[in-house]
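Enquirer: Below are the chains, spelled out letter by letter.
Protein chains: 2
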Amino acid sequence: MASSADPKSDQEYGKGAPPRPDAPAVVKYFAVDVALRVLLFAAAVTGVVVMVTSKQTKWVPGLGDRDAKFKHSPAFIYYVVALSIAGLYALISILASVSVLSKPNFQTKFLLHFAFLDVLMLGIVASATGSAGGVAYVGLKGNKHVGWIKVCSTYDKFCQHLAGSLAVSLFACVLLVFLTWLSIFSLHARIHKY
Amino acid sequence: MASSADPKSDQEYGKGAPPRPDAPAVVKYFAVDVALRVLLFAAAVTGVVVMVTSKQTKWVPGLGDRDAKFKHSPAFIYYVVALSIAGLYALISILASVSVLSKPNFQTKFLLHFAFLDVLMLGIVASATGSAGGVAYVGLKGNKHVGWIKVCSTYDKFCQHLAGSLAVSLFACVLLVFLTWLSIFSLHARIHKY
Chain A
1 MASSADPKSD
11 QEYGKGAPPR
21 PDAPAVVKYF
31 AVDVALRVLL
41 FAAAVTGVVV
51 MVTSKQTKWV
61 PGLGDRDAKF
71 KHSPAFIYYV
81 VALSIAGLYA
91 LISILASVSV
101 LSKPNFQTKF
111 LLHFAFLDVL
121 MLGIVASATG
131 SAGGVAYVGL
141 KGNKHVGWIK
151 VCSTYDKFCQ
161 HLAGSLAVSL
171 FACVLLVFLT
181 WLSIFSLHAR
191 IHKY
Chain B
1 MASSADPKSD
11 QEYGKGAPPR
21 PDAPAVVKYF
31 AVDVALRVLL
41 FAAAVTGVVV
51 MVTSKQTKWV
61 PGLGDRDAKF
71 KHSPAFIYYV
81 VALSIAGLYA
91 LISILASVSV
101 LSKPNFQTKF
111 LLHFAFLDVL
121 MLGIVASATG
131 SAGGVAYVGL
141 KGNKHVGWIK
151 VCSTYDKFCQ
161 HLAGSLAVSL
171 FACVLLVFLT
181 WLSIFSLHAR
191 IHKY
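Chains as they are written, first to last, in the UniProt record's numbering: chain A, 1 to 194; chain B, 1 to 194.
Bear in mind the hints are in silico, worked out from the structure with no lab data behind them. For every residue, glycine included, the Cβ atom is placed at its ideal position computed from N, Cα and C. A couple of the hints might just be wrong.
Not close to chain B: a few residues of chain A, all C-beta gaps over 12 Å, as computed [as the list claims (entries may be wrong)]:
1) 46
2) 92
3) 136
4) 156
5) 163
With the Cβ distance kept under 8 Å, some of the chain A side facing chain B (calculated, not the full set) [claimed, not checked]:
6) 52
7) 137
8) 138
9) 146
10) 149
11) 184
12) 187
Modelling step: build the complete structure from the supplied sequences, incorporating the hints.
Expert: Here you go:
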C-alpha cells in the first residue's frame with residue numbers, strides 16, 4: 001500500500017515524541033505484549049502436543065484392540081491445525097514485537113497490523129476450541145436422544161488429554177482477547193500523546 | 001501537517017486536508033459501523049430463529065414418534081444463548097453508534113469501548129459456531145470409530161435448519177471481525193488527525 005511504501009508517513013508516527021519522556025511507558029507496553037505472546041506460544045504448543053499424544057488403545061470385548069486418537073474426528077484435526085497456526089503466528093509476532101522495540105517509528109504500524117491479525121487468530125482459535133469442545137462433550141456425556149454412546153468411560157487417558165488440551169486453548173483465547181485489547185488501548189493512548 | 005505530502009494516504013484514512021472537512025468522513029465511518037451492526041443484528045436473530053424452529057418429529061420403527069430438537073444437545077443450547085447475546089449486543093450498539101453521531105467528543109471513547117466488546121463478542125460467537133458446527137458435523141457424517149450414527153439421514157429438515165443457522169452465524173463472525181477492524185483502523189486514523 002502507498003502508506004507502507006512511504007517512509008515519510010512512517011516518520012510521522014514518531015513525530016512529537018523525539019525527546020521521548022514516555023519511552024519507559026512504550027517499553028513497558030511492548031514488554032507486556034511480548035510476555036503475552038510468549039504465553040500464547042507456550043499455550044498453543046502445549047495444546048497441540050497434549051492433543052497429538054492423546055492416543056489410547058483398549059481391548060474391547062468382541063472387537064479386539066481399538067484405538068482412540070484425535071485423527072478419528074475432523075473437529076480435533078481442525079483444532080490441531082488451528083492451534084499450530086496460532087503457535088506459528090505467536091512465534092513470528094514475538095520476533096516482530098521484539099524487533100520493533102528498537103524502531104519506534106514502526107511501532108504504531110506494528111500495533112495496527114498485529115491488532116488486525118490478533119482478531120483473526122482469536123476467531124480461528126475460539127472456533128477450533130468450541131468445535132473440539134463440543135465433540136469432546138458428546139464423548140464425555142454421550143447423547144441418549146440420538147444414541148451416541150459415551151467414549152470417555154472407556155478411553156479415560158484419551159479424554160484427560162482432550163480436557164487438558166482444551167483448557168490450555170481456552171487460556172490461549174483469553175490471551176488473544178487481552179492482546180487485542182492491549183493493542184487497541186495502546187492505539188487509543190497514542191491519540192492523546194501526539 | 002506532513003501528511004499533505006502524501007495525498008493517497010490521506011484519502012485512505014478518509015480525511016481531507018486542513019480545517020476539519022473531515023466531518024463527512026466521520027459520518028461515513030459511523031454509517032458503515034451502523035450498517036455492519038444492523039447486519040449483525042439481523043444475522044444473530046435469523047440464526048437463533050432458524051435454530052429454535054428446527055424441531056422435527058419422525059416415526060422410528062420400534063420406537064414410535066421421536067423428536068429431534070436443538071434442546072437435545074448442550075452445544076446447540078450454548079449456540080442459541082451466545083447468538084441471543086450477540087443480537088442483544090448488536091441492538092444496544094446500534095443505538096449507541098447512532099446516538100454518538102451527534103456527540104463528536106464521545107466518538108473516540110465509543111470506538112475504544114465497542115472495540116473491546118466486539119472482540120469479546122467475536123470470541124463468544126466464534127466458539128459457539130464452532131461448538132454447534134462440530135456436533136452438527138457428527139450428526140451429518142456420524143463417527144464409525146466410536147459408533148456414533150448419522151442423524152441427518154433421518155432428520156433432514158432438522159439438519160437443513162442447522163446448516164442454515166450455522167452459515168448465518170459464520171457470517172456474523174465475519175461481521176464481528178470487520179467491526180473490530182473498522183474500530184481499530186478508525187482509532188489508528190485518529191492518531192494522524194490530532
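Enquirer: So, for every hint listed, does it hold in this structure?
Expert: Outcome of the hint check:
Look at residue 46 (chain A): its CB is around 19 Å from the nearest CB on chain B, clear of 12 Å, so calling it non-interface holds up. With a minimum CB-CB distance of about 19 Å to chain B, residue 92 (chain A) clears the 12 Å threshold, and the non-interface call stands. Remark: the non-interface label on residue 136 (chain A) conflicts with the geometry, its nearest Cβ contact in chain B lying 9 Å away (cut-off 12 Å). Against the 12 Å criterion, residue 156 (chain A) stays outside the reach of chain B, whose nearest CB is about 14 Å from its own CB.
No beta-carbon of chain B is positioned within 12 Å of the beta-carbon of residue 163 (chain A); the least distance is around 15 Å. With a cut of 8 Å, the hint placing residue 52 (chain A) at the interface with chain B is violated, because the nearest CB-to-CB distance is about 17 Å. Hint on residue 137 (chain A) holds. Least Cβ distance to chain B is approximately 6 Å, under the 8 Å limit. For residue 138 (chain A), the interface hint holds, the least distance from its beta-carbon to any beta-carbon of chain B being 6 Å, beneath 8 Å.
With a cut of 8 Å, the hint placing residue 146 (chain A) at the interface with chain B holds, because the nearest CB-to-CB distance is about 5 Å. Evaluation of the residue 149 (chain A) hint against chain B yields a held restraint, the C-beta minimum of about 6 Å falling below 8 Å. Hint on residue 184 (chain A) holds. Least Cβ distance to chain B is approximately 5 Å, under the 8 Å limit. Annotation: interface hint on residue 187 (chain A) holds; nearest CB of chain B at approximately 5 Å, less than 8 Å.
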